[in-house]
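**Student:** Turn these sequences into a full structure, and let the hints guide you.
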Amino acid sequence: MIFADKQVKAMRKLGVMPEIFVLESRTNPALLRRESGRFQQCIASCRPDLIHAQYGTVTACLAALMTTIPLVITFRGSDLNPAPSDSWLRSLVRRWFSQYAARKAVRIICVSEGLKRRLWWGHDRAQVLPSGVDTDVFVPRAQSEARAELGWEAAERIVLFNAGLSPAVKRLDLAQAAVVQAEDLCGPIRLVLLDGRVPHPRVATMMNAADCLLLTSDWEGSPTIVQEAMACNLPVVSVDVGDVRERLCAVASSVVVGRDPAEMARALAELLAAPRRSNGRDFVAAVAQDHIARQTLAVYHEALGRRGRC
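According to numbering that gives the first Met the number 0, the sequence shown is numbered sequentially starting from 0.
In short, the hints are calculated from the structure, not lab data.
Built from N, CA and C at the ideal position, the CB exists for glycine as well.
A couple of the hints might just be wrong.
Derived SDA-like pairs (lysine to any residue); straight-line CA-CA distance at most 20 Å [as the list claims (entries may be wrong)]:
(1) K115 / R94
(2) K103 / Q126
(3) K103 / K115
Just the calculated beta-carbon pair ranges, DEER-fashion [unchecked claim]:
(4) A273 / G150: 20 to 26 Å
(5) E18 / Q294: 40 to 46 Å
(6) L164 / A284: 39 to 45 Å
(7) S44 / D135: 42 to 48 Å
(8) V138 / V179: 30 to 36 Å
(9) G186 / V21: 45 to 51 Å
(10) R11 / A147: 31 to 37 Å
**Tutor:** Right under this line is the structure:
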C-alpha cells in the first residue's frame, strides 16, 4: 500500500518507529487463522504502544479482537463505502467488520467528512485527516520539459485518468464516453491511463505534462490523485465524490461536474480549448504529507492518554 509506505516514512521523521504487519489474506479462513498467530507473534516481539490499522474490514477487526493494545483505525473509503465491484454480501460483511472495529478503536481517522458520517458510532473519537501528498515529489514543472521527457507531442490535448487496478470501479467507461463527446467539441484528445503501478516520480512528470486530470469514480474516500494534481498545478475535472468539492472549491481552472458524460465533455472541451495551469499548489498545505504526519502523531498521543509514549 503506497499510502501506508508514505505515512511510515513521514512518521519516522517525527521519531515514531513503526513495525509493519501486512495480512497475507483477508478472505481465506485457514490463512486467516495462520495470520492471527503471526500477528500475535509480532505483537509479542515488538510490544507496541499502540496499533494503527490502515483500513477497517478484517484488518482492523483482527486487531480489535486479538489485543487490548490501544487501537487507531484509518478508514479510507472502500471499508465503509459500498463497493459496486463486489457482491452485496461481501460488501455488507466488509462494512460490518469495519463498524465493529470502529466500536473498539480508541481513536478513529477518516479521510473525508463523508466517511465519518458513515460511522455508526464513535463520532466523538473520530477526526478527518486526508492521506497527504508528498509536496517534494509532486511539484510544478514546465509542461514542455515534462512532455519532452516522456516523449509526448507538444501539441497534443492530453487528459490523465487514474484507472488504478480496477478500471470498472474508477468508472473508466464514463471517462471514455466523456472524452469521445469532448472530441466532437474541441478536436482529438489523448486519454492517458494510470494503472496503479506507476512510480510516484513518473506520475508527477505525467501530471506536469498533461492538460487536465479527469475523475469519474462512483465512490472515493479522499482521492489522493486529486491532491497530487493540485500540487502540480494540473487542472481537474471531477464528479462530486469523496472530498473533491472541498479540495477544489477555491482552485482555478478546475471544476466539479455531474455524472453526465455530456456535462463532463463540455468541461473538458472548455479547459482544453485554452489550456492553462491551475493554482492548486496554493491550497495543498492542509494536505501536505508532513503536516498530516504531525496531526497523526497528535492522534497517537490522544490514544495513549496524552502520555507522549510514542
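**Student:** Let me make sure I understand: some of the numbered hints might not hold for this structure. Which ones are they, in numerical order?
**Tutor:** Of the numbered hints given earlier, those the structure breaks are 5, 6 and 7, listed in rising order.
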